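S.K.: For reference, the chains in residue letters:
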Amino acid sequence: MTHDEHTPHRGNIPAYAIGALDDRDVAALETHLRSCLSCQNELAEYRAMSASLLMAVPPKHPPAALRTRLAGKLPSARKITRPRFTFSLNRFALGLTVIALFVLNLVSLMQLRQIQSQQARLSSQFENAQAALVMLSSPNIIMLPVLGENVSGTLLLDRERNQAVLVTQNLPPLSENQIYQIWLVKPDGGRDSAGLFSPESGQSYTTQNISTSQPFSDYLGIGVTVEPAGGSDAPTGERVFKVDF
Amino acid sequence: MNGDEENKLIGRLKKGDERAFLALYDRYASRVHGLTLRILGDPMLAEEATQDTFLKLWSRSREYLAERGPFLPWLLTIARHVAIDRLRLETRRPTLSNSIDPDETWQNLPDLDSVTDESRWRSLYFAVQELHPDQRDVIELAYYQGMSQSEIAEVLGWPLGTVKTRLRAAMENLRVVWNEN
Chain R
1 MTHDEHTPHR GNIPAYAIGA LDDRDVAALE THLRSCLSCQ NELAEYRAMS
51 ASLLMAVPPK HPPAALRTRL AGKLPSARKI TRPRFTFSLN RFALGLTVIA
101 LFVLNLVSLM QLRQIQSQQA RLSSQFENAQ AALVMLSSPN IIMLPVLGEN
151 VSGTLLLDRE RNQAVLVTQN LPPLSENQIY QIWLVKPDGG RDSAGLFSPE
201 SGQSYTTQNI STSQPFSDYL GIGVTVEPAG GSDAPTGERV FKVDF
Chain Z
246 MNGDEENKLI GRLKKGDERA FLALYDRYAS RVHGLTLRIL GDPMLAEEAT
296 QDTFLKLWSR SREYLAERGP FLPWLLTIAR HVAIDRLRLE TRRPTLSNSI
346 DPDETWQNLP DLDSVTDESR WRSLYFAVQE LHPDQRDVIE LAYYQGMSQS
396 EIAEVLGWPL GTVKTRLRAA MENLRVVWNE N
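Note that the protein sequences, when read in sequence, are chains R and Z.
The first sequence finishes on residue 245 if you use the working numbering, and the numbering steps up by one all the way, no holes.
The second sequence finishes on residue 426 if you use the working numbering, and the numbering steps up by one all the way, no holes.
Chain R with its partners taken away, still in its complex shape:
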C-alpha cells in the first residue's frame, strides 16, 4: 500500500467511526479498510473512544414521575388498569348483547313458524268446515255413519259433485311422528290414498275434506289407519274406523 493510496482514506476514519461520513465516501473507505490493517487498527481505536463518548455525558436524574409512568406501562400494571378493564367490560357487554339478540331472533323465528303452522292448520280446518256447510245445503247429500270403536262421526257424501267431507269426534290424539291416513277401498280390495289429517288439540271434532280424481261410486267405502308422519303408499297400521258407501 503506497502512501498516496493510504492518505485520502485515512482522513475519513474519524468521521466514519462516529457515523458522520457522507454516504458517497463510505463505500470507498470500506473497500480500503478490507485490505489495510493499520487503518483497521486506527478505526478500532476511534470506535472505542467514540463509544465512550456515550458515557462522557453528565448524568441527570429524570423526574420521579417517569419511573411511576414507566411502571404503569409494564404488563402487570396494564392488566389492572381501569381503561383496559372498561374496554373488556364493554366487549363483554357487547358480546352478551349480540348473544341476547341472536337468542331473541331465534325465539321470534320459532314463534313465527309456530304461528304460520297454526294459521295453515286453521285455514285448512276452516276450508273443511266450509266445505261441510256447503255440502249440507246440497239436496243430494247422503250422510254415512263412521264405524269404529270409541270413535263417532259422519261422512257427508255428494256423488253428483263427487265431494265428500269426513266429520269425526273423539279421535285419539297421535304422537308427532304419526298421522291419520284416509284410504278409498276399491272393489278388488286395493286402496287409494285420499288424504292425511291430524285431530286439532283442544277440539273434540275433526273435519276433513276427502278428494279423489275417480268417482266415489268406483269405491266401496273408506278406511282410516294410523300411519307414520308423511303417510304411506299402502296401509301399514291398524284400521281405526271405516265408512261403507
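Bear in mind the hints are in silico, worked out from the structure with no lab data behind them.
Here the structure is a predicted model, which is why all the values come from computation and not from measurement.
Mixed in with the good hints, there may be bad ones.
[Stated by the list, open to error] Straight-line alpha carbon distances no greater than 27 Å define the calculated BS3-like cross-link-like pairs of lysine-lysine that follow:
id, chain 1, residue 1, chain 2, residue 2
1, Z, K253, R, K73
2, R, K73, Z, K259
3, Z, K301, R, K73
4, R, K73, Z, K260
5, Z, K301, Z, K253
6, R, K242, R, K186
7, Z, K260, Z, K301
[Unchecked claim] Computed from the model, here is a short list of chain Z residues facing chain R with C-beta under 7 Å:
id, residue
8, A274
9, E293
10, K301
11, L321
12, N418
Glycine included, each C-beta is placed from N, C-alpha and C at the ideal position.
Assemble the complex: chain R is given as a structure, and chain Z must be docked to it using the hints.
M.R.: Same frame as chain R, but now just chain Z:
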C-alpha cells in the same frame, strides 16, 4: 451493584421480571436521561426519549448479548438512536449545547464498580469541553445530533473541507486523551 448482580438482573429481565427492570432503571436512568437531554436539549422531549429507551429495553432485552460488550454502552446506544430519531422527527434545528452546567457534572453519579472506566469517561468529558469551540461544535453535531459532515457544513455555513478538518482534529485530540488515561 457488582457485575454479577447486574448480570443476574439482566437475566431476570430477559425472563420478563419487572422488578429487575425497575432495578436497572434505578441504576441507569440518570445515565440515559443525561444523554437524551444532551442530545435533545429539551427536558420534556428528553423525558419521553428516556421513557422510550427503557420501553425498548423491556421489549428488546433478549437482544443484549453479554459476550459482545458491557450492558451500559449497549443501553446508551439505544438511547442515542432514540433521541436522534426524535430530534429528526421534531425537525428542530440542532442546538449546540455549549453551556453545560459544571455543577451537574458527575456529582450525582452512583458508585460504580470500575473506578478506572469512570475516571476515563470523566477525562473524556472534560476533553470534549476543552476542545476548541469550533471542534466542539462539530463533535456535538456529528456525535450527539447524528449529522453527517455535509449536514454540519450546511448548518454551520462552513466549507465541507473545513468541517472535515475540524472533525478530524477534534477526534484526534480526544483519542489522545482517551489513550493517555
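S.K.: All the hints need checking, so say for each whether the structure fits it.
M.R.: Hint by hint, here is what the structure shows:
With a C-alpha separation of about 23 Å, the suggested pair Z/K253 and R/K73 falls inside the 27 Å cut-off, and the hint holds. Taking the CA atoms of R/K73 and Z/K259, the gap is near 17 Å; set against the 27 Å cutoff, the hint holds. About 12 Å separates the Cα atoms of Z/K301 and R/K73, which keeps this hinted pair within 27 Å; it holds. Our distance criterion of 27 Å between C-alpha atoms is met by R/K73 and Z/K260, whose separation comes to about 17 Å.
Using a Cα cut-off of 27 Å, the hinted pair Z/K301 and Z/K253 holds, with the two alpha carbons roughly 19 Å apart. A distance of roughly 13 Å separates the Cα atoms of R/K242 and R/K186; the hinted pair therefore holds under the 27 Å criterion. Distance check on the hinted pair: Z/K260 and Z/K301 sit about 15 Å apart at the alpha-carbon level, within 27 Å; holds. At about 5 Å, the closest approach between the beta carbon of Z/A274 and any beta carbon in chain R falls short of 7 Å, and the interface hint on this residue holds.
Hint on Z/E293 is violated. Least Cβ distance to chain R is approximately 9 Å, over the 7 Å limit. Taken as an interface hint, Z/K301 does not check out: its beta carbon lies about 12 Å from the nearest beta carbon of chain R, beyond 7 Å. The interface hint given for Z/L321 holds, since its Cβ lies 4 Å from the closest Cβ of chain R, which is under the 7 Å cut-off. Restraint check, Z/N418 versus chain R: the minimum CB separation of about 10 Å is more than 7 Å; hint violated.
Against the hints set out earlier in the document, violations occur for numbers 9, 10, 12.
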